[in-house]
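Now for the letters of each chain:
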Amino acid sequence: MSLRQSMSGLHTWAGLLVSWILFVVLFSGTVAVFDKELTRWMIPQLHKLEQVKVGADPVRELIVERAPKAHGYWMHPPTERMPYWTAGWEPADFSEFQSFLVDAQSGEVLPKTVGGNFFLELHYELHGGLLGLYVVGVAGVFMLVALVSGVIVHRRIFKDFFTLRPKAARQRAWLDAHNVLGVLGLPFHLLMAYTGLAIFITFYMTAGIKVAYKSDMEHFFHDVQGAFEREELGKPAKATKSIDNMILKAREAWGDDSQVGWINIEHPADAAAMVQIRKAVDKGMVNDQRTVSFDSGTGALLHVQKPYKPGYKTYAWLTGLHMAQFGNDLLRVMYFVLGLVGCVMVFGGLQVWVSKREARGHRGVALVRTLNGAVCGGLPMASLGLLAASRLLPAELLQRTRWEATVFVVIWLLALVHALLRRGSRAMAREQFVALAALALLLPVLSLFGPEPGRVTTHFASGDWMMVGIDLGLLLIGGLCAFLGWRLGQERAAPVRERRARNEEYA
Amino acid sequence: MLLVFGLNLLALAAACLSLSRHHRDLFGSAPSESRVRLLRIVALMDGALALAYAIHVIGVELGIVYWACLLMIAGAALVLLLAWRPRWALPTAAAMPVVGGVLAVLG
Numbered sequence: 001m002s003l004r005q006s007m008s009g010l011h012t013w014a015g016l017l018v019s020w021i022l023f024v025v026l027f028s029g030t031v032a033v034f035d036k037e038l039t040r041w042m043i044p045q046l047h048k049l050e051q052v053k054v055g056a057d058p059v060r061e062l063i064v065e066r067a068p069k070a071h072g073y074w075m076h077p078p079t080e081r082m083p084y085w086t087a088g089w090e091p092a093d094f095s096e097f098q099s100f101l102v103d104a105q106s107g108e109v110l111p112k113t114v115g116g117n118f119f120l121e122l123h124y125e126l127h128g129g130l131l132g133l134y135v136v137g138v139a140g141v142f143m144l145v146a147l148v149s150g151v152i153v154h155r156r157i158f159k160d161f162f163t164l165r166p167k168a169a170r171q172r173a174w175l176d177a178h179n180v181l182g183v184l185g186l187p188f189h190l191l192m193a194y195t196g197l198a199i200f201i202t203f204y205m206t207a208g209i210k211v212a213y214k215s216d217m218e219h220f221f222h223d224v225q226g227a228f229e230r231e232e233l234g235k236p237a238k239a240t241k242s243i244d245n246m247i248l249k250a251r252e253a254w255g256d257d258s259q260v261g262w263i264n265i266e267h268p269a270d271a272a273a274m275v276q277i278r279k280a281v282d283k284g285m286v287n288d289q290r291t292v293s294f295d296s297g298t299g300a301l302l303h304v305q306k307p308y309k310p311g312y313k314t315y316a317w318l319t320g321l322h323m324a325q326f327g328n329d330l331l332r333v334m335y336f337v338l339g340l341v342g343c344v345m346v347f348g349g350l351q352v353w354v355s356k357r358e359a360r361g362h363r364g365v366a367l368v369r370t371l372n373g374a375v376c377g378g379l380p381m382a383s384l385g386l387l388a389a390s391r392l393l394p395a396e397l398l399q400r401t402r403w404e405a406t407v408f409v410v411i412w413l414l415a416l417v418h419a420l421l422r423r424g425s426r427a428m429a430r431e432q433f434v435a436l437a438a439l440a441l442l443l444p445v446l447s448l449f450g451p452e453p454g455r456v457t458t459h460f461a462s463g464d465w466m467m468v469g470i471d472l473g474l475l476l477i478g479g480l481c482a483f484l485g486w487r488l489g490q491e492r493a494a495p496v497r498e499r500r501a502r503n504e505e506y507a
Numbered sequence: 001m002l003l004v005f006g007l008n009l010l011a012l013a014a015a016c017l018s019l020s021r022h023h024r025d026l027f028g029s030a031p032s033e034s035r036v037r038l039l040r041i042v043a044l045m046d047g048a049l050a051l052a053y054a055i056h057v058i059g060v061e062l063g064i065v066y067w068a069c070l071l072m073i074a075g076a077a078l079v080l081l082l083a084w085r086p087r088w089a090l091p092t093a094a095a096m097p098v099v100g101g102v103l104a105v106l107g
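These protein sequences, in sequence, are chains A and B.
In terms of my numbering, the first sequence has 45 at position 45, counting the first letter as 1, and numbering is strictly consecutive.
In terms of my numbering, the second sequence has 70 at position 70, counting the first letter as 1, and numbering is strictly consecutive.
In isolation and in its complexed conformation, chain A is listed as follows (with noise of 0.2 Å):
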């Protein structure tokens, strides 16, 4: 067996086994790379922050109010993708990180959602914790090799690396479409499943940790970012100074006009508290946060972290080129993209197999087909639930988050039972088709019925062309789906004889 051959094999099997894990990873990374402006696009009741009116004071006292004895107190004051306060604490049983959103101007507490970060958690970790971040972990790997063998067994490179031939049949018009998605977006590929794996590093390759540092994987970070602690002294907390001037002094230790991003107030009920402060994530590369921390009781200036080393700069550098929170809006366009093309592309290789074996009547073609469905097409359907739920679920519903996860999750299983019925046939890819088109189409809809502040209107009316950018997506995919699901039924009717004959053209 030659080279190229057993790379075709492991390309194949390899690339089919991963490939609904990593379409959900590839989509919901896509998706999550807007996630702070989909957040705010999921709190329809958010005003434009015209002046910032509530300080970290009172942001703290809101905290305090709500989990008095929590191991540890977490914000985050406006800036200009989360024009808003984020609040939270660390509960003393160390369970879950609890939070909550505070308008910076009225200082009204907003309503719950599970917001953007929902695709966020869902990319890393499949919200499945430790155990979903290696099944991510494995796909990831399995990316990297199924990119490589695709290189190795893919036959004209240079010749095939513009060619796409949407007319052929098609097997060749999926295998076009494969290749050339999979080629030109190569760097991106590569260089996403690299970096992806290289931020879970300490997860994934446990070896060191576990021998320097006795599997503390805090202490690790501490030493490598050069962070600073304070041991508890077991006397009671003194009253604390305010936040709002240490702030300030942080602005002055710095030296420059970088914004504060999130502030941590350590040990809160002991003698020993202390509020740290860190610039937020700007427009370079690499954040390193420069940490400043004060003495919770008098005020007084602790220590001012020094500029990462070189090596967890580097490390730093590869986890900020994937997360993409550097650059402007054009760059998060750019990897939304970009990530669309590794959809499809992966969409594509599905299908490849799919039509490959159909004429031979393969056995798996039928579970293929219907995993197809159920997860290519049903996850973008309860993806569009999910935001259709955030804007109807009433503001003030108990445990709102679980509703709108609830949602998500039954409109995703509606779509495997559909999948299923309708064994992953061509009528089955119209109908979702039509149900992507209408609940895309709705939502704009959906938000002139809302809230003022959310309104499709009011956004073009402040000239917030970031939300605006949100509902137009929304209607234009609405829009491509409605046609894709008019052009399926329509191919339905063509003759197959006008194919066939296409087929011989490009034979």
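Because the hints were derived from the structure by calculation, they are not lab data.
A hint or two may mislead.
In silico contact screen, one side only, chain B against chain A (beta carbon under 10 Å); selected entries [unchecked claim]: (1) LEU12; (2) ALA15; (3) CYS16; (4) VAL65; (5) TYR66; (6) CYS69; (7) MET72; (8) ALA76; (9) LEU80; (10) TRP84; (11) GLY101; (12) LEU103.
Where a beta carbon is used, it is the ideal one built from N, C-alpha and C, also for glycine.
Guided by the hints, dock chain B onto chain A, whose structure is given.
Showing chain B alone in chain A's frame:
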């Protein structure tokens, strides 16, 4: 950045024309050897120019990332044009850098 996109698109269009299939599709005949060489040189120079301009405007770190992303997106756009609107491909590739250049000068 539209100028970077336009230059990238033009570079890829030149690279594309240096392949005999696409040259035949658009001009009806395979390109001569000297023309292939010329098109490839133009493609390389044009792509390099786009990179240099991107670095000049936003610095090395961001410049390379923006250039690479725009190059890939320009490639995808060119492929879509060639597949569904082949006659628009070359005019678009020629017009984009001009529009981008005008906007860069005005903006």
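Hint numbers contradicted by this structure: 11, 12
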